[in-house]
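Peer 1: The primary structure of each chain is shown beneath.
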Amino acid sequence: MALFNNNFRSKWSLYTRNGLIITFLILFALATIFPIYFMVISSFGDPVEAGAMSYSIFPTKISFESYKFFFDFSPHSYDWLLNSLIVATVTMVSNVFFATLAGYAFAKIDFKGRNVLFALLLGSMMIPYQVTQVPLYILIVNIFDLQNTYTALIAPSLVTVYNIFLVKQFMSSIPKEILEAAKIEGCSQPKLFGYIILPLSKTVMAVMAILTFMESWNTFFWPFLVTNTMDMQTIQVGLKNFRFANTTYFAPMMAGATISAVPMFILFFSLQKYFLEGVTVGAVKG
Amino acid sequence: MNQTLATKRRIKIKGDSAWGYAFIAIALVVFSLFTAYPVISAFIISLQEYRPLGSTYVGLENFKDSFASELFWKAVKNTAVYTILTVPVNIFLAFIVSILILPFKKRTQTVFKAIYYLPAVASGVALAVVWLWIFDPLKSGIANQLISMLGIGNQNWLGSSSTAMFSLVLMSWLSSHGTAIIIYLAALLGIDKSYYEAADIDGANFFQKLWFIVIPFLKPTTLFLLVTGVIGSFQVFQNAYLMTGGGPDHATTMVGLLIFNNAFTYFEFGQAAAQSLVLAFIIAIISFIQFKFFGNDVEY
Chain W
1 MALFNNNFRS KWSLYTRNGL IITFLILFAL ATIFPIYFMV ISSFGDPVEA
51 GAMSYSIFPT KISFESYKFF FDFSPHSYDW LLNSLIVATV TMVSNVFFAT
101 LAGYAFAKID FKGRNVLFAL LLGSMMIPYQ VTQVPLYILI VNIFDLQNTY
151 TALIAPSLVT VYNIFLVKQF MSSIPKEILE AAKIEGCSQP KLFGYIILPL
201 SKTVMAVMAI LTFMESWNTF FWPFLVTNTM DMQTIQVGLK NFRFANTTYF
251 APMMAGATIS AVPMFILFFS LQKYFLEGVT VGAVKG
Chain B
287 MNQTLATKRR IKIKGDSAWG YAFIAIALVV FSLFTAYPVI SAFIISLQEY
337 RPLGSTYVGL ENFKDSFASE LFWKAVKNTA VYTILTVPVN IFLAFIVSIL
387 ILPFKKRTQT VFKAIYYLPA VASGVALAVV WLWIFDPLKS GIANQLISML
437 GIGNQNWLGS SSTAMFSLVL MSWLSSHGTA IIIYLAALLG IDKSYYEAAD
487 IDGANFFQKL WFIVIPFLKP TTLFLLVTGV IGSFQVFQNA YLMTGGGPDH
537 ATTMVGLLIF NNAFTYFEFG QAAAQSLVLA FIIAIISFIQ FKFFGNDVEY
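In the order they appear, the protein sequences are chains W and B.
Residue numbers for the first sequence follow this note's numbering, so the first one is 1 and each next one is one higher.
Residue numbers for the second sequence follow this note's numbering, so the first one is 287 and each next one is one higher.
Just so you know, not all the hints are guaranteed correct.
[As the list claims (entries may be wrong)] Listed next, the stretches of chain B that the computed footprint assigns to chain W, with coverage defined by at least 3 CB atoms under 8 Å from CB atoms of chain W:
hint	region
1	313-319
2	322-335
3	396-402
4	454-467
5	495-501
If you are wondering where the hints come from, they were derived from the structure by calculation, not from laboratory data.
Small disclaimer: the values here were computed from a predicted structure and weren't measured.
By construction, the Cβ of each residue, glycine as well, lies at the ideal position given by its N, Cα and C atoms.
Can you build the whole structure from these sequences, using the hints too?
Peer 2: Dropping the structure here:
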């Protein structure tokens, strides 16, 4: 027995109920993915000015001219993709490594000030992004003079507090006995980390890698603030530039949007399990 | 003997704690440099008239200016309206959908979860660009075609101050419930079957089970979604920035956007810092109230 009663007198009333529910769910699903569907379908249109064109919900033809138009917009349009890839990859690798280390230390090693430091990190998650935005900009651009560099794009998110929190939550469930046994055998902390903790933490590391990569790929404001030439911009900033320069070119704009979004869709569908798991890791208690 | 054991243990613990510090070192440097320092710096900048070469101390002038500014209060009001219209509705939608997904097989559940989560994977800029065209004010625009089927005349969606905010809200309703659905579903699957069995024995119907078992069990989840949702919503301004620029007539200027513009359009860093601290204060108060009212039996 469950929340839903499945003991109907006839099979038909069960089918009817489930049919109604499925219909509702499908309608809601259609409304949810319609914008994405519309984006992909429209990107195959011809790169003509929108003027009097009418949008069609079904594809009328498939042409890649609009994609060409998007890439021809700037000599650096391929650089945008490359920059996004570089920034997201470096951010991902450094987060997985350093956040796992720090999360392990916070969960399993006793050292003075551990709880105070962790509370400080947690507390900082409550502070809105706007508070740090301006001083961070001043720090990177005016003080360190790093404008338009990969360092500026990457450094502030080398390790995020959220990821440390994620790892710490996960590590808390690893039984202390395993670690104590290893320590009695004379295992040092780095060995313990490498041989015992890392193999046990593959799931949380995969989840963290994927979410960090996606976050970094999709982020817009920070790269927008610290880059000022097209060759250093990321795909999201490039897409925004394209939109403002070509307000009437509908299909090429959809092509650009598709290009900026599709890599994440591919990642999502191939690693769906980790994505969906990642959503609940930080949320569900215990 | 005892003494040597004691010293040995102390040495061991000492060794461990050194590794503890080593393991958090990089994280701590990054945190101090790019989070802790900026927060402290924000307080200092908020008391200054910021100039790259030599700022001048102006006391609470920036705060006074903000409180005296009509635009600031309008932005606060817009942010509050946006939050009230989006967060509870999205949570409610997610609740309904996750309950309805529940009776199906795991495979079906996964398919629906993936579809509902998809917009969260797409880049915000891409979605903003697409929705801009959906809200095309011409007769041929998708949104206008849809409402004309219902017999409603052409709307200037993002271009008119009476509908611009609603357009942003509508976009949120249709694209930001995925996370909440997945979290609710995970919580629903965690409710022990024996509760439903006991309720069945007592002859409870579906709605009674919903009211007396599901809703109390999901209370911590709902509180989590509410608090994080409100915190997030108070900071959000990417869609407003990309789709309306805060207009028309500041109808969609959110606090986040106002701060951004003050900082990076007018380079009034002091003003921006002061307003960001006010925003942080407002968010803290609201989170506190939410915990106070809804969280009396929820532990975190």
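Peer 1: For the region 313-319 of chain B, do at least 3 residues have a Cβ located nearer than 8 Å to some Cβ of chain W?
Peer 2: holds (count 5)
Peer 1: Mind taking a look at whether chain W covers the region 495-501 of chain B? Criterion is 3 or more residues with CB to CB distance under 8 Å.
Peer 2: Check passed, 4 qualifying residues.
Peer 1: How does the coverage statement for the region 322-335 of chain B fare against chain W, requiring three or more residues with Cβ below 8 Å from a Cβ of that chain?
Peer 2: holds (count 7)
Peer 1: Check whether three or more residues of the region 454-467 of chain B sit with their beta carbon closer than 8 Å to a beta carbon of chain W.
Peer 2: Check passed, 5 qualifying residues.
Peer 1: Count the residues of the region 396-402 of chain B whose CB lies closer than 8 Å to any CB of chain W, then report whether that count reaches three.
Peer 2: With 6 residues closer than 8 Å to chain W, the region 396-402 of chain B meets the three-residue bar; holds.
In summary, this structure violates none of the numbered hints.
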